[in-house]
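In order, the protein sequences belong to chains A and B.
One point on numbering: in the working numbering, the residue at position 44 of the first sequence is 44, and numbering is uninterrupted.
One point on numbering: in the working numbering, the residue at position 21 of the second sequence is 21, and numbering is uninterrupted.
Simulated from the structure, these hints should not be mistaken for lab results.
Among these hints, one or two may not hold up.
[As the list claims (entries may be wrong)] Derived Cβ-Cβ restraints for the label pairs, each shown as a range: (1) E53/B x L36/A: 44 to 52 Å; (2) G11/A x Q40/B: 38 to 46 Å; (3) R46/B x Q16/A: 17 to 25 Å; (4) Q70/A x P48/B: 44 to 52 Å; (5) S48/A x L7/B: 20 to 28 Å; (6) R45/B x M1/A: 19 to 27 Å; (7) D63/A x M1/B: 50 to 58 Å; (8) A91/A x F120/B: 21 to 29 Å; (9) G11/A x T43/B: 19 to 27 Å; (10) I81/B x I103/A: 55 to 63 Å.
On a predicted model such as this, the values are computed, not experimentally measured, just so you know.
Using N, Cα and C, we set each Cβ at its ideal position, and we do this for glycine too.
If you want the building blocks of each chain, they are given just below.
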Amino acid sequence: MLISNIDVIPGKNIVQHIGLVQGSTVRAKHVGKDILAGLRNIVGGELSAYTELLQESRQSATDRMIAQAQDLGANAIINIRFSTAAIAAGASEILAYGTAVIID
Amino acid sequence: MTNLIILITMIVMGFYFGRVAERRHYSSLSSREKAFRELQVLTIRRPPNIHREYHSNLVCGSTVVSVDFFKVFIAGFKNIIGGRLTAYESLLERARREAILRMQEHALRLGATMIINARFETSRVSGNASQGIGSVEILAYGTALSLNTAKPPIPDR
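Isolated chain A (complex conformation) (with noise of 0.2 Å):
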């Protein structure tokens, strides 16, 4: 599965456009590493616990959404992007989309 975020894969053909797949995930923050946040945000500072479970989360869309252009016969997807949202306090969604395509 090849994925970019541009409108063309590089040195292939697209054959047939299949459509928008997309895979999303919502995390909630452990609450351990909450407390540790909570006082990491006195100093400042990057918040690695919270780095690293939005980038899991965000591996976890991406997985999903090739599961899903997989399922519909694609081979590659093109135009991808991301997106994030807070939806309730301490939760996040994050989302992630793109078109599906077969290319030769």
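Since chain A is already given, all that's left is putting chain B on it; use the hints.
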């Protein structure tokens, strides 16, 4: 009275540690940016010289940063009179540069020579709306291009 002492302690701690961390981060950012200067990051949507054979790969880098208590305090005052909130500006600038560097690191692991269509996304992470911005996540993503002669891409995302 106790509350006041706690508040002042938090502001002083925020001022001191925040400033030390900021200075250290700025110097580390500029040295790493110098090292990665070879890898171009562009916002164009199509690969230049489209006939060349490239591998393409999605790369991302992200970071979550939180503002220190001193800056929250200062920004609270600044909110009354309006104008630029320099305290938050420097925080977001650092975070965005850090995210670009992580994206570049990811691209270099894949043997890329350039990143095109780089995009940013910013979102709030913390839930407490009463306390200013709290912590924000900055994501940078793009398509890494590597020449076909290089080794095939490793799907380590």
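Verification of the hints:
Distance hint for E53/B and L36/A: a CB-CB separation of about 47 Å, consistent with the stated range 44 to 52 Å. A C-beta distance of roughly 19 Å is found between G11/A and Q40/B, which places it outside the suggested range of 38 to 46 Å. Separation of R46/B from Q16/A is about 21 Å and conforms to the stated range, judged on CB atoms against 17 to 25 Å. Range check, Q70/A to P48/B: about 31 Å between beta-carbon atoms, so the 44 to 52 Å window is missed.
Restraint check, S48/A to L7/B: a C-beta distance of roughly 27 Å satisfies the suggested window 20 to 28 Å. With their beta carbons about 21 Å apart, R45/B and M1/A fall inside the hinted range of 19 to 27 Å. A beta carbon spacing of about 54 Å between D63/A and M1/B agrees with the range 50 to 58 Å that was offered as a hint. The hinted range of 21 to 29 Å is satisfied by A91/A and F120/B, whose Cβ atoms lie roughly 23 Å apart.
The beta-carbon spacing between G11/A and T43/B, approximately 21 Å, falls within the hinted interval of 19 to 27 Å. Against the hinted window of 55 to 63 Å, the Cβ-Cβ separation of I81/B and I103/A comes to about 56 Å, which satisfies the hint.
Checked against the numbered hints above, the structure breaks hints 2 and 4 and satisfies the rest.
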